[in-house]
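Take the given structure of chain B and dock chain Y to it, following the hints.
There are 2 protein chains.
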Amino acid sequence: MNAPSANTLGANAISAYSISAAVPLETAAQLEETLRHIGATRYHSLHPFHKLLHGGKLNKGQVQAWALNRYYYQSTIPIKDAVVISRFRDRATRVEWRHRIEDHDGDTGAEGGIERWLKLTEGLGLDSAYVESTEGILPATRFAVEAYVHFVRDRTPLEAIASSLTELFAPNLHEERISGMLKHYNFVNPDIMSYFSRRLTQAPRDAGFALDYVKQHASTPAERRAVCNALIFKTNVLWVQLDALYHAYVDGHVPPGAFVPAK
Amino acid sequence: MNAPSANTLGANAISAYSISAAVPLETAAQLEETLRHIGATRYHSLHPFHKLLHGGKLNKGQVQAWALNRYYYQSTIPIKDAVVISRFRDRATRVEWRHRIEDHDGDTGAEGGIERWLKLTEGLGLDSAYVESTEGILPATRFAVEAYVHFVRDRTPLEAIASSLTELFAPNLHEERISGMLKHYNFVNPDIMSYFSRRLTQAPRDAGFALDYVKQHASTPAERRAVCNALIFKTNVLWVQLDALYHAYVDGHVPPGAFVPAK
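Just so you know, the sequences run in chain order B and Y. In our numbering, each residue carries its 1-based index in the first sequence increased by 472. In our numbering, each residue carries its 1-based index in the second sequence increased by 472.
If you're looking for bench data, these hints aren't it; they were derived computationally from the structure. One or more hints might be untrue.
Label-pair distances were calculated between CB atoms; the ranges are [said to hold, decoys possible]: (1) Y/Glu574 with B/Ser605: 54 to 60 Å; (2) Y/Val567 with B/Thr580: 51 to 57 Å; (3) Y/Tyr602 with B/Ser477: 24 to 30 Å; (4) Y/Glu574 with B/Ala494: 39 to 45 Å; (5) B/Asn479 with Y/Gly595: 38 to 44 Å; (6) Y/Arg561 with B/Arg570: 54 to 60 Å; (7) Y/Asn479 with B/Ser605: 23 to 29 Å; (8) Y/Ala501 with B/Ser605: 42 to 48 Å.
Which stretches of chain B does chain Y cover? Using the computed rule of at least three CB atoms under 8 Å from a CB of chain Y, they are [stated by the list, open to error]: (9) 513 to 527; (10) 608 to 617; (11) 719 to 725.
With the Cβ distance kept under 8 Å, some of the chain B side facing chain Y (calculated, not the full set) [claimed, not checked]: (12) Asn484; (13) Ile486; (14) Ser487; (15) Leu596; (16) Ala682; (17) Asn708; (18) Ala716; (19) Ala730; (20) Pro733.
All C-beta atoms in this analysis are idealised placements derived from N, C-alpha and C, irrespective of residue type, glycine included.
Isolated chain B, as found in the complex (with noise of 0.2 Å):
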């Protein structure tokens, strides 16, 4: 019989917080097979809310709505590594996580991620200011992105970049919905998607330092165990805004004030 692992252990090895005591975090690589087990399970590319936008079961609205609130989560993503890079000492770790800010902000007269974003927004006929504004995105929406500030914030230094390692299972996701989009939607074209497309060299870059970093500096089970409940976390800020959004716009709960989607 082999020993137990993620995978043996089955359902069993993942409650919707932590990692089950079972699981064995000895060595760096049973961190590894451990972090790959929860991509495996709990990575949104798994959300009922992806498969009908990927396989083109959504109708403009709900595309809509999808990146009009994804809009809170991209732009906050500088702020979040902002502060990330605000809980090292050691420039060295600075020096290297600091190109994540640049990727999402651009420079002067160089886009980035957000501009890339509001490209697709636009494409999609949502007027950039009401985005950018951000006052029709669902409450659910807020609460996740913010919750993965205040978690980089106040977690340890190794927690906040174990959270990051969402990106390890993004390029698969990416190139589903590069693909499924283009295929099933005439209102979407190359050019929106270009945020995606990007993406798909940016994140196995960092994704791979993310994973050294957290291999290297995780020297016990106790810190593997916490670095492997990190990325349970954010898994968990991740689903909330697909669930809301299928709540709201699937199942037609549009909470309070919330966007709604022209007839």
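Same frame as chain B, now just chain Y:
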């Protein structure tokens, strides 16, 4: 024609997060009128999940899920109130606010609101150790409740007090809940509903203080607007929790690792 007010402006008076600039807030009386309008249009007494809960339309597992999740809110309130107290150098305000912690935490040999809530979850058949672990609650519950704690820490002391003003509207909701649940559910009895009967006397006293406080201390239209927006924020904290319960336990989309009622 009447002057504009939150009432006459109807659906345009409030966005998801803020009161319209068209709503006049020149006086304390206009502030109170607007706060009561927010309560009448945004308090979670209006939420479809409460209609089901109070109308006897939920099964026992769904009522368990509600009580389990709401425990996280209840047990966080004294932490929130300790943060509120920490915002005031003014001794008199600290003294006035302090009893709220005791209302929920109780004292040596005297039960408080949290213990009364555990009588409810126990009476519904939930294991108290599981409830207190909060491991099975919905991530959206956690994010919304933690947003409340962060709000009273990060905003002005005036906004921190204003965010408690939902208590103005709680007694009617609690009366509806007590009578509705006792009437419709054979697994509910007056003893396990003691949390709500006790709040019928506690909440009005607290809400009266907070309302007087904001009417006296919000001395400009901008401050009155901030008070209104703090109340809107708080209604979102409550609404998001019920949206998440509805999505998970009425529509059946329980997120990974969260509580699943026994068959």
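- Message: So, against the hints stated earlier in the document, which numbers end up violated here?
- Response: When the structure is compared with the hints, numbers 1, 6, 8, 12, 15, 16, 20 turn out to be violated.
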